[in-house]
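These protein sequence lines are chains A and B, in that order.
Mapping the first sequence onto the working numbering, position 226 (from 1) lands on 971, and the numbers just tick up by one.
Mapping the second sequence onto the working numbering, position 132 (from 1) lands on 592, and the numbers just tick up by one.
A couple of the hints might just be wrong.
To be verified - Result set (DMTMM-like, lysine to aspartate or glutamate): computed pairs, CA atoms no more than 25 Å apart in a straight line:
{"hint": "1", "chain 1": "A", "residue 1": "Lys-932", "chain 2": "B", "residue 2": "Glu-547"}
{"hint": "2", "chain 1": "B", "residue 1": "Lys-696", "chain 2": "B", "residue 2": "Asp-474"}
{"hint": "3", "chain 1": "A", "residue 1": "Lys-974", "chain 2": "B", "residue 2": "Glu-647"}
{"hint": "4", "chain 1": "B", "residue 1": "Lys-513", "chain 2": "B", "residue 2": "Asp-550"}
{"hint": "5", "chain 1": "A", "residue 1": "Lys-829", "chain 2": "B", "residue 2": "Asp-480"}
{"hint": "6", "chain 1": "B", "residue 1": "Lys-513", "chain 2": "A", "residue 2": "Asp-824"}
{"hint": "7", "chain 1": "A", "residue 1": "Lys-912", "chain 2": "B", "residue 2": "Glu-588"}
{"hint": "8", "chain 1": "B", "residue 1": "Lys-580", "chain 2": "A", "residue 2": "Asp-824"}
{"hint": "9", "chain 1": "A", "residue 1": "Lys-912", "chain 2": "B", "residue 2": "Asp-670"}
{"hint": "10", "chain 1": "B", "residue 1": "Lys-580", "chain 2": "B", "residue 2": "Glu-647"}
{"hint": "11", "chain 1": "A", "residue 1": "Lys-777", "chain 2": "B", "residue 2": "Glu-602"}
{"hint": "12", "chain 1": "B", "residue 1": "Lys-580", "chain 2": "B", "residue 2": "Asp-530"}
{"hint": "13", "chain 1": "B", "residue 1": "Lys-527", "chain 2": "A", "residue 2": "Glu-921"}
{"hint": "14", "chain 1": "A", "residue 1": "Lys-932", "chain 2": "B", "residue 2": "Glu-588"}
{"hint": "15", "chain 1": "A", "residue 1": "Lys-912", "chain 2": "B", "residue 2": "Glu-547"}
{"hint": "16", "chain 1": "B", "residue 1": "Lys-513", "chain 2": "A", "residue 2": "Asp-1002"}
{"hint": "17", "chain 1": "A", "residue 1": "Lys-912", "chain 2": "B", "residue 2": "Asp-622"}
{"hint": "18", "chain 1": "B", "residue 1": "Lys-527", "chain 2": "B", "residue 2": "Asp-670"}
{"hint": "19", "chain 1": "A", "residue 1": "Lys-828", "chain 2": "B", "residue 2": "Glu-579"}
{"hint": "20", "chain 1": "A", "residue 1": "Lys-981", "chain 2": "B", "residue 2": "Glu-602"}
{"hint": "21", "chain 1": "B", "residue 1": "Lys-585", "chain 2": "B", "residue 2": "Asp-530"}
{"hint": "22", "chain 1": "A", "residue 1": "Lys-912", "chain 2": "B", "residue 2": "Asp-535"}
{"hint": "23", "chain 1": "A", "residue 1": "Lys-974", "chain 2": "B", "residue 2": "Glu-588"}
{"hint": "24", "chain 1": "B", "residue 1": "Lys-531", "chain 2": "A", "residue 2": "Glu-921"}
{"hint": "25", "chain 1": "A", "residue 1": "Lys-912", "chain 2": "B", "residue 2": "Asp-581"}
{"hint": "26", "chain 1": "B", "residue 1": "Lys-568", "chain 2": "A", "residue 2": "Glu-921"}
Bear in mind the hints are in silico, worked out from the structure with no lab data behind them.
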Amino acid sequence: MTFDSNAFLIIFTGSLIAISCGFLGVFMMLRKMSMTGDAISHAVLPGIVIGYFVSGSQRSLEVIIGAGLLGILATLMIDWLRKKARVQLDASIGITFTLLFAIGIILINLLAYKVDLDQECVLYGEIAYLPIDSWITKSGLNLGPRITWLAGLNFFFVSGFIYLLFKELTLTSFDENFSSVMGIPSKGVNLALMSIVSYTTVSSFESVGAILVVALLVVPPATAFLWTKSLMPLLKLTAGLGISISVLGYYLAYWIDSSIAGMMVTVAGGLFGISVLIHSKKPSWLRGTSSVKEPFGV
Amino acid sequence: MITQVENPILEIHDLTVSYDQNPVLWNVDLSLPAGNLIGILGPNGAGKSTLIKAIMGLITPTSGYVKVFDKPLNDVRARISYVPQRESVDWNFPASVLDVVMMGTYGKLGLFRRPGKKEKDLALKSLEQVGMNGFVNRQISELSGGQQQRVFIARALAQEADLYLMDEPFAGVDMSTETAIFQLLQEMTAAGKTVIVVHHDIHSAMTFFDWMIMLNLHLVASGPKELVMNEEMLRKTYGGKLNLLTRVTDMIRQKDFNPLKS
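Please construct the entire structure, taking both the sequences and the accompanying hints into account.
Rendered as structure tokens:
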């Protein structure tokens, strides 16, 4: 079997995106905010349109900044609706992201003559075109696929963020009040997490699209959480699942000649389904340690 | 019956807290001495949890202010510790007992720094103090309610604070554990720390606390146990639940009353 560099690039990029999303997804899940990730991925649309309109390019820094700001706005809006207007969390998520997404669609239509962008290109990405979209410098040097660089940069940021703020993220996810009392800025940590989720969403748009990126945020962490109850193994297993999803998704899509991103998420769903089935049977080695009672002595 | 003190460790001035325009605490004005085991008593809905949340700045008061160690709260956060109600977190969180207790050391570590050997030893010592050293690597989802409560107390101990605020730390904790932890709290106050506990059981409150705060939306009493624990104050705090009150006041009259013997 010969080495297929296109296949390798697609799987490599897919893994980078799946791992970045999975790492963030673990903390979103532990904060019971998985659906906030969904909301953010849709709410960034007006930011992308405005960024595009300002810069005139789909690949500019303005687009990423615009999307990031809208992601934070969505988070703040959900929080405000829930705490101040006393709307239930699910309802406030539903209100926020549909509203922002609708504004995005109106903006696209209003600016249609200036902006070469449509909803389709945000909602559905296409990772298969990745090898033909190269990053070529002004001097004509070909540095390889642009999306792989984007995914790599994103992976670097996400890993760095989680590495540096690991204890703050863990503590604020587990017990927000306790961290506030100790003086750890839980709101700041939360906003930082939401910004990096927005950034990840935007940088994954072109490859997997806004809808499937949500699956990568939610499904691998949820699957891994069925198998382990400690944080480090949970992160590792999520990363492992991200890689398996990319590999299996690519070859299955290649085999039946279909969408790679679609197949990746189908595989993720399949792995989750299998995990649930195995767990509902509850083999004895999965029931955890037995509780040993010990008398209390001080 | 409100006793004010000189050089208070905690000073609450004219504090009013409201939820949605409905005040749940009115004009609380008190000062507390250092090195005491202080109990907050009151019926359900009296604003006990609200009071300690307002002290820690988790709730913004409508009016009034709180000073801790004679400084604004934000300057002294590292010296304050908190034991929240057990139900306030999701115990399915993927962490071991040791992980949770280590969280107590995070405040002093500061941003970006990771806990090391020193923090781990501190966490293990704290677990030993609450008698949970046999459960160091247990997943927190596999603990009973009382054990979860003890983990939270250990986490607060690991913080090595000077002022501890505990919101019903004995809910679901058995009698012998409660006594053991009360003794631990007494040792801490003897060492100069101040511990404020929201508590429900008047019997054990009489045995262990040095100072009592009685609350029923208004501040009814704040002072040394001997001055505050009487029929009049209890009646003001708990209203007309006389059956219970006469029994309690009878017990107060028996000088050598010990709830653990009966």
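Comparing the hints with the structure gives:
no., hint, verdict
1, A:Lys-932 to B:Glu-547, "holds (21 Å)"
2, B:Lys-696 to B:Asp-474, "holds (20 Å)"
3, A:Lys-974 to B:Glu-647, "violated (36 Å)"
4, B:Lys-513 to B:Asp-550, "holds (19 Å)"
5, A:Lys-829 to B:Asp-480, "holds (10 Å)"
6, B:Lys-513 to A:Asp-824, "holds (20 Å)"
7, A:Lys-912 to B:Glu-588, "holds (23 Å)"
8, B:Lys-580 to A:Asp-824, "violated (35 Å)"
9, A:Lys-912 to B:Asp-670, "violated (37 Å)"
10, B:Lys-580 to B:Glu-647, "holds (22 Å)"
11, A:Lys-777 to B:Glu-602, "holds (20 Å)"
12, B:Lys-580 to B:Asp-530, "violated (32 Å)"
13, B:Lys-527 to A:Glu-921, "holds (23 Å)"
14, A:Lys-932 to B:Glu-588, "violated (33 Å)"
15, A:Lys-912 to B:Glu-547, "holds (22 Å)"
16, B:Lys-513 to A:Asp-1002, "violated (59 Å)"
17, A:Lys-912 to B:Asp-622, "holds (23 Å)"
18, B:Lys-527 to B:Asp-670, "holds (21 Å)"
19, A:Lys-828 to B:Glu-579, "violated (35 Å)"
20, A:Lys-981 to B:Glu-602, "holds (22 Å)"
21, B:Lys-585 to B:Asp-530, "violated (30 Å)"
22, A:Lys-912 to B:Asp-535, "holds (22 Å)"
23, A:Lys-974 to B:Glu-588, "holds (24 Å)"
24, B:Lys-531 to A:Glu-921, "holds (24 Å)"
25, A:Lys-912 to B:Asp-581, "holds (18 Å)"
26, B:Lys-568 to A:Glu-921, "holds (17 Å)"
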